[in-house]
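J.: Sequence:
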Amino acid sequence: MTVRLLDGKVFEKVLQYAGKRIPFLPILGRIGVHSAPDMDIGGNAENLLRLVPCNVLLQVKCSNPR
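Under the working numbering, the residue at position 5 of the sequence shown is numbered 5, and the numbers go up by one with no gaps.
No wet-lab data here; the hints were simulated from the structure. Here a beta-carbon is modelled for each residue, glycine too, at the ideal position from N, C-alpha and C. There's no promise every hint is true.
As the list claims (entries may be wrong) - So the derived label-pair ranges between C-beta atoms look like this:
1) 47 with 7: 15 to 23 Å
2) 2 with 38: 17 to 25 Å
3) 50 with 21: 14 to 22 Å
4) 38 with 3: 16 to 24 Å
5) 38 with 4: 13 to 21 Å
6) 59 with 7: 17 to 25 Å
7) 47 with 4: 14 to 22 Å
8) 37 with 2: 26 to 34 Å
Said to hold, decoys possible - Listed below are the simulated DMTMM-like cross-link pairs for lysine to aspartate or glutamate, each with C-alpha atoms no more than 20 Å apart in a straight line:
9) 13 with 46
10) 9 with 46
11) 13 with 38
12) 61 with 40
13) 61 with 46
14) 20 with 7
All chains should be modelled from the sequences, with the hints used to inform the complete structure.
T.: Listed below in structure tokens is the structure:
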């Protein structure tokens, strides 16, 4: 497994990276840290699920950062 940390806007950077090196299975959170808990799906997750050229694992577990 390889972990890549990308800086910038999440959607743009992950889509750009996935276009250059098609990752085996990127893992995304369903919603962001500051999203309302009753949201179905966040904007980054929705856009990446539609547009990346590979399978995506969408994580739904919520965590509360300290």
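J.: Now tell me, hint by hint, if it's right for this structure.
T.: These are the hints, each one checked on the structure:
{"no.": "1", "hint": "47 with 7: 15 to 23 Å", "verdict": "18 Å, holds"}
{"no.": "2", "hint": "2 with 38: 17 to 25 Å", "verdict": "34 Å, violated"}
{"no.": "3", "hint": "50 with 21: 14 to 22 Å", "verdict": "19 Å, holds"}
{"no.": "4", "hint": "38 with 3: 16 to 24 Å", "verdict": "30 Å, violated"}
{"no.": "5", "hint": "38 with 4: 13 to 21 Å", "verdict": "31 Å, violated"}
{"no.": "6", "hint": "59 with 7: 17 to 25 Å", "verdict": "21 Å, holds"}
{"no.": "7", "hint": "47 with 4: 14 to 22 Å", "verdict": "18 Å, holds"}
{"no.": "8", "hint": "37 with 2: 26 to 34 Å", "verdict": "31 Å, holds"}
{"no.": "9", "hint": "13 with 46", "verdict": "15 Å, holds"}
{"no.": "10", "hint": "9 with 46", "verdict": "14 Å, holds"}
{"no.": "11", "hint": "13 with 38", "verdict": "26 Å, violated"}
{"no.": "12", "hint": "61 with 40", "verdict": "13 Å, holds"}
{"no.": "13", "hint": "61 with 46", "verdict": "16 Å, holds"}
{"no.": "14", "hint": "20 with 7", "verdict": "16 Å, holds"}
In summary, the structure is inconsistent with hints 2, 4, 5 and 11 from the numbered list given earlier, while agreeing with the others.
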